[in-house]
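Next come the chains, spelled out residue by residue.
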Amino acid sequence: GAVVSQHPSWVICKSGTSVKIECRSLDFQATTMFWYRQFPKQSLMLMATSNEGSKATYEQGVEKDKFLINHASLTLSTLTVTSAHPEDSSFYICSAPYRETQYFGPGTRLLVL
Amino acid sequence: DAKTTQPTSMDCAEGRAANLPCNHSTISGNEYVYWYRQIHSQGPQYIIHGLKNNETNEMASLIITEDRKSSTLILPHATLRDTAVYYCIVRVPFTGNQFYFGTGTSLTVIP
Numbered sequence: 040g041a042v043v044s045q046h047p048s049w050v051i052c053k054s055g056t057s058v059k060i061e062c063r064s065l066d067f068q069a070t071t072m073f074w075y076r077q078f079p080k081q082s083l084m085l086m087a088t089s090n091e092g093s094k095a096t097y098e099q100g101v102e103k104d105k106f107l108i109n110h111a112s113l114t115l116s117t118l119t120v121t122s123a124h125p126e127d128s129s130f131y132i133c134s135a136p137y138r139e140t141q142y143f144g145p146g147t148r149l150l151v152l
Numbered sequence: 062d063a064k065t066t067q068p069t070s071m072d073c074a075e076g077r078a079a080n081l082p083c084n085h086s087t088i089s090g091n092e093y094v095y096w097y098r099q100i101h102s103q104g105p106q107y108i109i110h111g112l113k114n115n116e117t118n119e120m121a122s123l124i125i126t127e128d129r130k131s132s133t134l135i136l137p138h139a140t141l142r143d144t145a146v147y148y149c150i151v152r153v154p155f156t157g158n159q160f161y162f163g164t165g166t167s168l169t170v171i172p
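Respectively, the protein sequence lines represent chains A and B. Add 39 to the 1-based position in the first sequence for my numbering, that's all there is to it. Add 61 to the 1-based position in the second sequence for my numbering, that's all there is to it.
This is chain A alone, in the form it adopts within the complex (with noise of 0.2 Å):
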């Protein structure tokens, strides 16, 4: 079946620094990739798709220059939150297409004091 990773799976950091969150395709090959968000008791929700070799596009009302993605390549996706706050504070997700479906990394939960 199709594998998707994520690193770390939780970081604890201090206000103002950044924080990079890596997505991995391990036995595929993904072009575009998912960036998800979940605060606590709510659903999923899409902050961006990550494209490899181009911009990524953004979901209305996220802020692209504090949320950095890179598609580097055809398995690995990164997200840095830059100059986090507290209220970044958030599981952090990541998907990747495999033929007609979707698969989940297990989340990155970041804590930011």
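A partial selection of chain B residues facing chain A, derived with a Cβ cut-off under 10 Å:
1. Y93
2. Y95
3. Q99
4. S102
5. Q103
6. G104
7. P105
8. Q106
9. R152
10. P154
11. F155
12. Q159
13. F160
14. T164
15. G165
Because the hints were derived from the structure by calculation, they are not lab data. From a predicted model like this one, the values you see are computed outputs, not experimental measurements. For glycine and all other residues, C-beta sits at the position ideal for the given N, C-alpha and C.
Once you have looked at the hints, place chain B on chain A.
The following block gives chain B in isolation, referenced to the frame of chain A:
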């Protein structure tokens, strides 16, 4: 994407079948029905999907009505590990493929 409607929460006794309904009355002809679940603090897990025929795999069965306006996910013998939020999503595959999540159904399996 077609909007889906699911009950907010459901309970099911352990060992019994869990039947989770989903309404998607505005579904278009080329949209598939997908089901995922999310166990607390994990990423969503793919369960099953279908277009118009009923589908079954090792995890669950998917029953889609003839008019395709609703569907039911069936977990034949629910266990405590099936406690999760279940999401029904309709989407045309291979087209951008973003999945927009609704609020889902929180299923609690009771011992």
